[in-house]
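Residues -16 to -1, 1 to 354, numbered by mature numbering (1 follows the signal peptide of the UniProt record, and there is no 0), are exactly what the sequence shown covers, in order.
Hints may be right or wrong, so weigh each one.
Claimed, not checked - Below 25 Å or equal to it, Euclidean Cα-Cα: the simulated SDA-like pairs (lysine to any residue) are:
1) Lys228 to Pro314
2) Lys354 to Gly242
3) Lys157 to Ala43
4) Lys336 to Pro74
5) Lys354 to Tyr285
6) Lys213 to Ile139
7) Lys112 to Glu136
8) Lys336 to Ser97
9) Lys116 to Leu168
10) Lys301 to Thr337
11) Lys301 to Tyr211
12) Lys301 to Arg290
13) Lys157 to Asp177
14) Lys157 to Ser184
15) Lys112 to Asp99
16) Lys336 to Val300
17) Lys116 to Met142
18) Lys112 to Ser323
19) Lys157 to Arg194
20) Lys301 to Ser256
21) Lys157 to Val300
22) Lys241 to Glu136
23) Lys354 to Tyr211
24) Lys157 to Ser256
25) Lys213 to Asp144
26) Lys228 to Tyr211
27) Lys241 to Leu109
28) Lys112 to Val322
29) Lys336 to Leu109
30) Lys213 to Met138
31) Lys354 to Ser235
32) Lys157 to Ser97
33) Lys228 to Asp169
34) Lys228 to Ser256
35) Lys301 to Ser326
36) Lys354 to Pro314
37) Lys354 to Lys336
38) Lys213 to Arg290
39) Lys112 to Pro134
Source of the hints: derived by calculation from the structure; they are not laboratory data.
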Amino acid sequence: MARPLLCAAMAATLLAGCATRPETLSFDDVPLVRTAIISAVDDKGAPLDDPTPVRQVGARHDVLVLSGGGSVGAFGAGVLVGWTEAGTRPNFDVVTGISTGALMATLAFLGSSRDADLIRAYTSLTSKDIYKRRGVIGFARKASVFDRSPLEAMIEQMVDDRLLDQVAAEHRKGRRLFVGTTDLDNGVATVWDMGRIAISSSPQRAALYRKVLAASAAIPGAFSPVYIKQGDGPPTMHVDGGLKQAMLFRSYMIDPKGSNENVWAVVNGHVSYTGNRTLSGTNSGSILGRSVSEMLRTITYREVERIYTMSRNAGVKFNVAYLRDDAVEPNPIIFDPVSMQSLFDEGKALGKTGRWQPLPPRLEALERMK
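With the hints as constraints, model all of the structure from the sequences given.
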């Protein structure tokens, strides 16, 4: 978390008493919500309502896992576009996304025909296309620094009936698209099966699909939470999926018995314990901000290691792409076309050359899977 996000979270905490839950919701299709959430699990963590993709025996099976990262998502967009140009990009059986990865996931799921949308979103948009700064009164009422109405307008334009019908068609073929949010009221990571939303006949399917995407990118304190009614009680507060999981990956997304299973993890940022070795500020805000940033860096690293371990335990080929240590990682909430183009080009070069890594960097000897 960059220092501005930390400040936003601290300020929002101080103003928490000013903000209120909405009394009415524009979306209230509880049955559709219950259908889309993959929550009930057995004592081994396996879902009771099977969301696994349909597989053909012996067929290749590819899982794409996209991390969060805000504007640094330009790197992941570049990886996908470069991969297309190389002519080796798979038709993914499963795509998952968190935060900015959630916004990217639908486009990746629908294939290279949506590459132009990825290029536009991650090389030409500016901060004002994503959010507006709130005034003092708005800040106090909403307990968030930014108004995300520009982002919501962009999501509304993207998620139309044509797109939903395309997602639904792929879901019926057995492919799966998952997005993660954080249910802040219950303190749990929520997995949404976006294909189940898309195939619904509910007139509110587009509204829920858009809400889930907005929620997954709702950084606490920076953006207002998204309220979704899941049952008879009050609506629950959903925020950035990255709060509970840096990347979304579950056992049911792969088949240990498969003969040609591949996991492709795209990290929109660095994968390391160490930063850029810059001196930290000496005031309390700088120290706290740097501390939280380093904590989140470690969480991301461990999440990549977890996916690697799960994949190798299942006999599945693991591949990871991430930003080079010496590449500049900008503030994720600043959308600057110049820096984003640089990140995009970095990712595109990796995607074209296929420089995927077979394991996370800097593993100790006993952390490596045999």
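Here is how each hint holds up against the structure:
For the given pair, Lys228 sits about 22 Å from Pro314 by alpha-carbon distance, which is consistent with the 25 Å threshold. Distance hint between Lys354 and Gly242 is fulfilled; the C-alpha atoms sit about 19 Å from each other, no more than 25 Å. Between the alpha carbons of Lys157 and Ala43 the distance comes to roughly 14 Å, so the proposed pair stays at or under 25 Å and holds. At most 25 Å may separate the alpha-carbon atoms for a hinted pair to count; Lys336 and Pro74 meet this at roughly 13 Å.
Annotation: proposed proximity of Lys354 to Tyr285 holds, straight-line Cα distance about 20 Å (limit 25 Å). Taking the CA atoms of Lys213 and Ile139, the gap is near 20 Å; set against the 25 Å cutoff, the hint holds. The straight-line distance between the Cα atoms of Lys112 and Glu136 is roughly 12 Å, inside the 25 Å bound, and the hint therefore holds. A hinted pair counts as satisfied when its Cα atoms are at most 25 Å apart, and Lys336 with Ser97 qualifies at roughly 17 Å.
Annotation: proposed proximity of Lys116 to Leu168 holds, straight-line Cα distance about 24 Å (limit 25 Å). Annotation: proposed proximity of Lys301 to Thr337 holds, straight-line Cα distance about 18 Å (limit 25 Å). At most 25 Å may separate the alpha-carbon atoms for a hinted pair to count; Lys301 and Tyr211 exceed this at roughly 38 Å. About 14 Å separates the Cα atoms of Lys301 and Arg290, which keeps this hinted pair within 25 Å; it holds.
Under the criterion of a C-alpha separation no larger than 25 Å, the hint pairing Lys157 with Asp177 is consistent with the structure, at around 14 Å. Between Lys157 and Ser184 the CA atoms are separated by roughly 15 Å; this keeps the pair inside 25 Å, and the hint holds. Using a Cα cut-off of 25 Å, the hinted pair Lys112 and Asp99 holds, with the two alpha carbons roughly 23 Å apart. A hinted pair counts as satisfied when its Cα atoms are at most 25 Å apart, and Lys336 with Val300 qualifies at roughly 23 Å.
Only pairs whose Cα atoms come within 25 Å are accepted, and Lys116 paired with Met142 is accepted, the gap being roughly 20 Å. With a CA separation close to 16 Å, the supplied pair Lys112 and Ser323 stays within the 25 Å bound. At roughly 23 Å between alpha-carbon atoms, Lys157 and Arg194 fall within 25 Å of each other, so this suggested pair holds. This hinted pair checks out: Lys301 and Ser256 have alpha carbons roughly 21 Å apart, not beyond 25 Å.
Taking the CA atoms of Lys157 and Val300, the gap is about 23 Å. The hint holds against a cut of 25 Å. A distance of roughly 41 Å separates the Cα atoms of Lys241 and Glu136; the hinted pair therefore is violated under the 25 Å criterion. As the CA atoms of Lys354 and Tyr211 are separated by approximately 45 Å, the hinted pair breaks the 25 Å bound. Among the hinted pairs, Lys157 with Ser256 is inconsistent with the structure: their alpha-carbon atoms are about 38 Å apart, more than 25 Å.
Taking the CA atoms of Lys213 and Asp144, the gap is near 22 Å; set against the 25 Å cutoff, the hint holds. Simply put, Lys228 and Tyr211 have alpha-carbon atoms about 17 Å apart, close enough for the 25 Å limit, and the pair holds. Among the hinted pairs, Lys241 with Leu109 is inconsistent with the structure: their alpha-carbon atoms are about 43 Å apart, more than 25 Å. Taking the CA atoms of Lys112 and Val322, the gap is about 15 Å. The hint holds against a cut of 25 Å.
For a cut-off of 25 Å, the pair hint linking Lys336 to Leu109 stands: about 24 Å separates their Cα positions. Proposed proximity of Lys213 and Met138 is supported: the alpha carbons are some 23 Å apart, at most 25 Å. For the suggested pair Lys354 and Ser235, the alpha carbons sit about 19 Å apart, so the restraint of at most 25 Å is met. Straight-line distance between C-alpha atoms of Lys157 and Ser97 comes to about 18 Å, which keeps the hinted pair within the 25 Å bound.
The hinted pair formed by Lys228 and Asp169 meets the criterion: a straight-line CA distance of about 13 Å does not exceed 25 Å. Distance restraint check for Lys228 and Ser256: the Cα-Cα separation of roughly 19 Å lies within the 25 Å cut-off, and the hinted pair is therefore satisfied. At roughly 29 Å between alpha-carbon atoms, Lys301 and Ser326 are farther apart than 25 Å, so this suggested pair is violated. For the hint linking Lys354 to Pro314, the alpha-carbon distance of about 36 Å lies beyond 25 Å, and the restraint is violated.
About 29 Å separates the Cα atoms of Lys354 and Lys336, which puts this hinted pair outside 25 Å; it is violated. Restraint check for Lys213 and Arg290: not satisfied, since their Cα atoms lie roughly 32 Å apart, outside the 25 Å limit. Among the hinted pairs, Lys112 with Pro134 is consistent with the structure: their alpha-carbon atoms are about 7 Å apart, no more than 25 Å.
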